[in-house]
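> What follows is the residue order along each chain.
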Amino acid sequence: GAVVSQHPSWVICKSGTSVKIECRSLDFQATTMFWYRQFPKQSLMLMATSNEGSKATYEQGVEKDKFLINHASLTLSTLTVTSAHPEDSSFYICSASSGTSNQPQHFGDGTRLSIL
Amino acid sequence: QKEVEQNSGPLSVPEGAIASLNCTYSDRGSQSFFWYRQYSGKSPELIMSIYSNGDKEDGRFTAQLNKASQYVSLLIRDSQPSDSATYLCALTGGFKTIFGAGTRLFVKA
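Line by line, the protein sequences are chains V and H. For the first sequence, the working numbering begins at 1 and goes up steadily by one. For the second sequence, the working numbering begins at 1001 and goes up steadily by one.
Derived from the structure by calculation, the hints contain no laboratory data. Some hints here could point you the wrong way.
Lysine to aspartate or glutamate pairs mimicking EDC-like chemistry, simulated, CA-CA at most 16 angstroms apart [as the list claims (entries may be wrong)]: (1) H:K1096 with V:E59; (2) H:K1067 with H:D1055; (3) V:K66 with V:D88; (4) H:K1042 with H:D1083; (5) V:K14 with V:D88; (6) H:K1042 with V:D109.
One chain only, chain V, in its complex shape (with noise of 0.2 angstroms):
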């Protein structure tokens, strides 16, 4: 169970262009979600966190209007990178969690970004 799907798994696109990538929960409720973007060698970094029907939370430093977050339903997130520049590639994970303070947080299989 606790099964995350993230998609696409690979995306290589040019400077200027914006990007969606999607998350779902398919075996369970995920009233929050959670993105985060990992460089090369380097920990995970927690960008947004994102409840159901709500506006995200972002982390400090996180342009909100860069990294559009939606969370319409109980089982799926969109991260959308907007305008992307180089600087943007990176590793985007996904994660959700039903919610209950005490449940780990369950992994998609991310997402590599390479902007040209």
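Starting from the structure of chain V, add chain H where the hints point.
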């Protein structure tokens, strides 16, 4: 002091040995503790959860929690080269989950 501290490693153990990974934390209100494994280029996967003091065993993995001393550890028995990965300690208090930076484990064949 960081909220969750892990030795970054690498921790190198021979195949068949016991690997011991440790994690200390600062928030005494933390209630739930997790160990994740992350292979290079992949996302983290949950391998153990522990909620009360003592040991919890699952196959070759044993998680140990000591809330009084504010540490949680993970033992991997009969370590295999396939166990080579970064191990992340995580804990929750309230609705926030804090991840450690991870310990890199290398199991030599």
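> Run the distance test for K1042 (chain H) versus D1083 (chain H): straight-line Cα separation, threshold 16 angstroms.
holds (14 angstroms)
> Would the pair K1096 (chain H) and E59 (chain V) pass a check requiring their Cα atoms to be no farther apart than 16 angstroms?
holds (12 angstroms)
> Mind checking the alpha carbons of K1042 (chain H) and D109 (chain V) for me, to see if they're no more than 16 angstroms apart?
holds (7 angstroms)
> Do the alpha carbons of K1067 (chain H) and D1055 (chain H) lie within 16 angstroms of each other, as the hint requires?
holds (12 angstroms)
> Would you check the hint for K66 (chain V) and D88 (chain V), treating anything up to 16 angstroms between C-alpha atoms as holding?
Measuring from Cα to Cα gives roughly 10 angstroms; hence the hint holds.
> So if I understand the rule, the pair passes when the alpha-carbon distance is 16 angstroms or less; does K14 (chain V) with D88 (chain V) pass?
holds (12 angstroms)
Comparing the model with each earlier hint shows no violations; every hint is respected.
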